[in-house]
Amino acid sequence: MASTANHCLQLAGATESTRRWRISISCKKKSDKLAFKETKEGFVDYDRGQHEVSTKISGLRKDDIAARYRLRVAGNRFQMDWTVSEVAELVLSLNLSDDDDVDGLLNRWVGRFARKNFPFLIKELTQRGSIEHCNRVFRWLKNQKNYRARNDIYNMMIRLHARHNRTDQARGLFFEMQEWRCKPDVETYNAIINAHGRAGQWRWAMNIMDDMLRAAIPPSRSTYNNLINACGSSGNWKEALNVCKKMTENGVGPDLVTHNIILSAFKSGAQYSKALSYFELMKGTHIRPDTTTLNIVIHCLVKLRQYDKAIEIFNSMREKKSECTPDVVTFTSIIHLYSVCGQVENCEAAFNMMIAEGLKPNIVSYNALIGAYAARGMDNEAHLFFNEIKQNGFRPDIVSYTSLLNAYGRSQKPHKARQIFDRMKRNKLKPNLVSYNALIDAYGSNGLLADAIKILREMEQEGIQPNVVSICTLLAACGRCSRKVKIDTVLTAAEMRGIKLNTVAYNAAIGSCMNVGEYDKAIGLYKSMRKKKIKTDSVTYTVLISGCCKMSKYGEALSFMEEIMHLKLPLSKEVYSSAICAYSKQGQIVEAESTFNLMKSSGCYPDVVTYTAMLDAYNAAENWEKAYALFEEMEASSIKLDTIACAALMRSFNKGGQPGRVLSLAESMREKEIPFSDTIFFEMVSACSILQDWRTAVDMIKYIEPSLPVISSGCLNQFLHSLGKSGKIETMLKLFFKMLASGADVNLNTYSILLKNLLSSGNWRKYLEVLQWMEDAGIHPSKEMYHDISSFSQKCCGNENAAVIRERLESLKREFGDQISTSQPCESLVMESHSFA
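For what it's worth, the numbering used here labels the leading residue of the sequence shown as 1, then goes sequentially.
Hints may be right or wrong, so weigh each one.
Pairs of lysine-lysine residues, derived as BS3-like cross-links and limited to a Cα-Cα distance of at most 27 Å, are as follows [to be verified]: (1) 640 to 585; (2) 725 to 738; (3) 486 to 550; (4) 655 to 640; (5) 486 to 454; (6) 428 to 416; (7) 521 to 454; (8) 550 to 626; (9) 428 to 390; (10) 142 to 123; (11) 430 to 454; (12) 600 to 309; (13) 142 to 116; (14) 500 to 532; (15) 553 to 573; (16) 550 to 600; (17) 783 to 766; (18) 116 to 40; (19) 600 to 303; (20) 245 to 283; (21) 756 to 783; (22) 600 to 585; (23) 535 to 585; (24) 568 to 527; (25) 390 to 425; (26) 702 to 734; (27) 585 to 655; (28) 303 to 238.
Hint data in this document are derived by calculation from the structure and do not stem from the laboratory.
All chains should be modelled from the sequences, with the hints used to inform the complete structure.
Put into structure tokens, the structure is as follows:
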């Protein structure tokens, strides 16, 4: 027993010793985290003002691959131990158009034996965005023996194709990965939904979402955001809201990105008021908006013409404590805002402010600024910034060229517009429909209708079909050129091409017919518009009312005014002015005043045209006191007077017995550099005659002299008559000589005024001399002119002078023979004066 016990003890001791000295061997791989850790490298060139920050990835190198592969590449000088980032740089440096060997380069890379490098290589390449290089590398990967299909590689490739709008190729990769037994995950579905959303194929995106649910893959917040964006970017904001509602019901709450996508959907669907309402609801959820949110809100406010609120948000973003600092998109929206308001100076100020705050303008910013200059016809400034685009390393796009083309068209330089159009094609940019329409407008707005039609035909030969904008442009050109036949031709061409006229097109057609005096044709188009149930707007009635007034059809104009009031359409200043003119011509001064007061009470502030129409109404009614009061109201409202308004005021002052104010107003016109017209000079001459202020009348000659060739004969004859009546015979003759030297119209009435004033002053010698001038000018004196000098010689001259006069008259009669005029120049002069007054 004892021996047995001892033996047991020995066994127990052996067991403890064995346990104590047992060695545990584990095979643990070296960690790859350091190999794929991203490191940032920076480069600064202080001389050129350039800097660059890049991210580098080393990847698995020669020492990290399996021993059998190390032996395989050892001693081979063509095998290079590059990092992943270096391989990406080398691949991107290859020129694929010259058939550079991508496969040969990659086969020299030692890291190809570690398939863990492959996802990071694809990531480096896809981030650079070169799709052709990525496709070549991806094809090489699939031919490697150690390649295994991975979700992340396919996801990156699908996203890259989505960025390049290659939806079919992205969908092909989606099906290919399943053939390689690589099951799509949530990120794959997100990428393919995003690809269809970018292409505007929101129904495809919805179907893919259903496939995702059938595959029992729960959608993430990004999935819903991509699907909402797919619907919203297509303008289908209702579907976007439905998806958002479904998202909330499934327990996935919206975040700031979701709200921004919904706002963008409202913007794409032109639901600007709904976007602002949603923004107010969003603020109630205590979600802080970011710069993207406020950019969308500013865009919507601009579209709704709430410019003050947009500027207020922009200023709040620029405050130092603001969390949402403005970016390039913000400044571009503000440039567009000022462009819509016509404030070109502020457009350039906003552009300079963007640069001053360290932001680099993009091509959209430049296009917005060039478009602002183009809208005002400022071609020099537009061309300056167009050149700056190229200087700053950008390539002008189709919008840049079209905006510059439009600038030349609006500045009445259609041939330069054509040069820009040709340069666009030389730079391998294909003109689109907007470009052709801008060129058609450049020719049409300058009266070159034949050239505009040639552009239309050229456009069709290039395979671009004209739209309703093209037709509107041609119709407006027909009106400017006063081509009645061409209007019908353009309308027929639109019908043959299946282009249905909209409200804008009908307005252009009606306006063109009114411009060429085709009243019945314009009314026919209006009736056709109503028959086809095409909505009329305020522009339609503006064209009709103003056209009727131009053709003196005041009753018809007032009937259209009643119709627009019945429809409760917004009235423009032109409509109010035309209605006041119509009431005035009909003698309905009370109705004219009522319309004027209605205009002011409705918030449509009268401009100089409206005030002028009201002044004419008071003049026609001989209500001078109200005309004076209206003038004072104009001054109080800081209304800038023009030539027509000043003429109406002068007429009121002269007829109201205040000729002194006419001369004061003329002095004010000189200070403000308001151009003088025939009517202005006529009223000034009348004022001088009433006041018998002949010194001022004489001083007027130096102001009239530059305009003598274009001033009407009636105005000049009245001036000669006033000078002669005042006894300023020498001054009268000097003015007459200036008229002859300038080539002004000198007729029988002009000579009649000279002769009568010379006879009144007893200067019979100059009288006979003027008769000789008439003979030299080929103007035959009337019988009354001979009779007047004969009577004068019998009554006021001595016998000797009378004999001289008779002898001279006989000589003149023999020269003229029976061609002596029997007209009555005095009556003609009276007619001219009345027509001017």
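We went through each hint and held it up to the structure:
Between residue 640 and residue 585 the alpha-carbon distance is near 25 Å, which keeps this suggested pair within the 27 Å criterion. The straight-line distance between the Cα atoms of residue 725 and residue 738 is roughly 19 Å, inside the 27 Å bound, and the hint therefore holds. At most 27 Å may separate the alpha-carbon atoms for a hinted pair to count; residue 486 and residue 550 meet this at roughly 22 Å. For the hint pairing residue 655 with residue 640, the CA-to-CA distance comes to about 23 Å; that is within 27 Å, so the pair holds.
As the CA atoms of residue 486 and residue 454 are separated by approximately 14 Å, the hinted pair is consistent with the 27 Å bound. This hinted pair checks out: residue 428 and residue 416 have alpha carbons roughly 19 Å apart, not beyond 27 Å. Of the supplied pair hints, the one linking residue 521 and residue 454 holds, its CA atoms being roughly 26 Å apart against a limit of 27 Å. As the CA atoms of residue 550 and residue 626 are separated by approximately 26 Å, the hinted pair is consistent with the 27 Å bound.
Straight-line distance between C-alpha atoms of residue 428 and residue 390 comes to about 16 Å, which keeps the hinted pair within the 27 Å bound. Between residue 142 and residue 123 the alpha-carbon distance is near 16 Å, which keeps this suggested pair within the 27 Å criterion. This hinted pair checks out: residue 430 and residue 454 have alpha carbons roughly 18 Å apart, not beyond 27 Å. Of the supplied pair hints, the one linking residue 600 and residue 309 holds, its CA atoms being roughly 24 Å apart against a limit of 27 Å.
Proposed proximity of residue 142 and residue 116 is supported: the alpha carbons are some 14 Å apart, at most 27 Å. Taking the CA atoms of residue 500 and residue 532, the gap is near 11 Å; set against the 27 Å cutoff, the hint holds. Simply put, residue 553 and residue 573 have alpha-carbon atoms about 19 Å apart, close enough for the 27 Å limit, and the pair holds. A distance of roughly 24 Å separates the Cα atoms of residue 550 and residue 600; the hinted pair therefore holds under the 27 Å criterion.
Using a Cα cut-off of 27 Å, the hinted pair residue 783 and residue 766 holds, with the two alpha carbons roughly 18 Å apart. Only pairs whose Cα atoms come within 27 Å are accepted, and residue 116 paired with residue 40 is accepted, the gap being roughly 21 Å. Between residue 600 and residue 303 the CA atoms are separated by roughly 25 Å; this keeps the pair inside 27 Å, and the hint holds. Pair hint residue 245 plus residue 283 holds up; C-alpha atoms about 18 Å apart against a cutoff of 27 Å.
For the given pair, residue 756 sits about 14 Å from residue 783 by alpha-carbon distance, which is consistent with the 27 Å threshold. Our distance criterion of 27 Å between C-alpha atoms is met by residue 600 and residue 585, whose separation comes to about 22 Å. Restraint check for residue 535 and residue 585: the C-alpha separation of about 30 Å exceeds 27 Å, so the hint is violated. A distance of roughly 19 Å separates the Cα atoms of residue 568 and residue 527; the hinted pair therefore holds under the 27 Å criterion.
With a C-alpha separation of about 17 Å, the suggested pairing of residue 390 with residue 425 holds against the 27 Å cut-off. Annotation: proposed proximity of residue 702 to residue 734 holds, straight-line Cα distance about 12 Å (limit 27 Å). Distance restraint check for residue 585 and residue 655: the Cα-Cα separation of roughly 19 Å lies within the 27 Å cut-off, and the hinted pair is therefore satisfied. A threshold of 27 Å between alpha carbons decides the hint, and for residue 303 with residue 238 the separation of about 20 Å falls inside it, so the pair holds.
Checked against the numbered hints given earlier, the structure breaks only hint 23 and satisfies all the rest.
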